[in-house]
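Trainee: Sequence:
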Amino acid sequence: MSKILIVEDSPDNMRLFRTLLTLRGHEVVGLAGGDGLLDTLAREQPALVLMDIQLPGKDGFELLGEIRGSDHRTLRVLALTAH
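In short: position in the sequence shown from 1, add 1, done, that's the working numbering.
These are calculated hints, taken from the structure and not from any lab test. Values in this document were obtained by computation on a predicted structure and should not be read as measured data. Possibly wrong hints are sitting among the right ones.
As the list claims (entries may be wrong) - Label-pair distances were calculated between CB atoms; the ranges are:
#, residue 1, residue 2, range
1, Ser-11, Leu-49, 10 to 20 angstroms
2, Gly-70, Gly-26, 30 to 40 angstroms
3, Asp-13, Asp-72, 10 to 20 angstroms
4, Gly-70, Leu-24, 27 to 37 angstroms
5, Asp-36, Asp-72, 14 to 24 angstroms
6, Glu-45, Asp-10, 13 to 23 angstroms
Note that the Cβ used here is the ideal one computed from N, Cα and C, for glycine as well.
Please model the complete structure; the sequences and the hints are all you need to start from.
Mentor: Spelled out as structure tokens, the structure:
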């Protein structure tokens with residue numbers, strides 16, 4: 002199955018997403034915030050990013066802008082929030 006990068010600062014939400022996606026056969030990589038996002042994308046080459054909108058520091062919209070301005074501009078991103 003696909004490799005999915007989760008960008009989520011809530012440990013509970015990270016655990017939930019990781020469990021559900023792993024049970025479906027996906028390889029999951031977790032990132033607790035936006036720091037190092039582009040480096041992680043280059044290293045891990047995920048098929049999808051599941052990203053929280055409300056993150057400390059840079060929010061999901063800023064991070065999406067960074068992704069779209071990079072070599073990863075065509076990467077699929079699913080942005081969500083629990084708030």
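Trainee: Could you work out which of the previously given hints the structure breaks and list their numbers from low to high?
Mentor: 3
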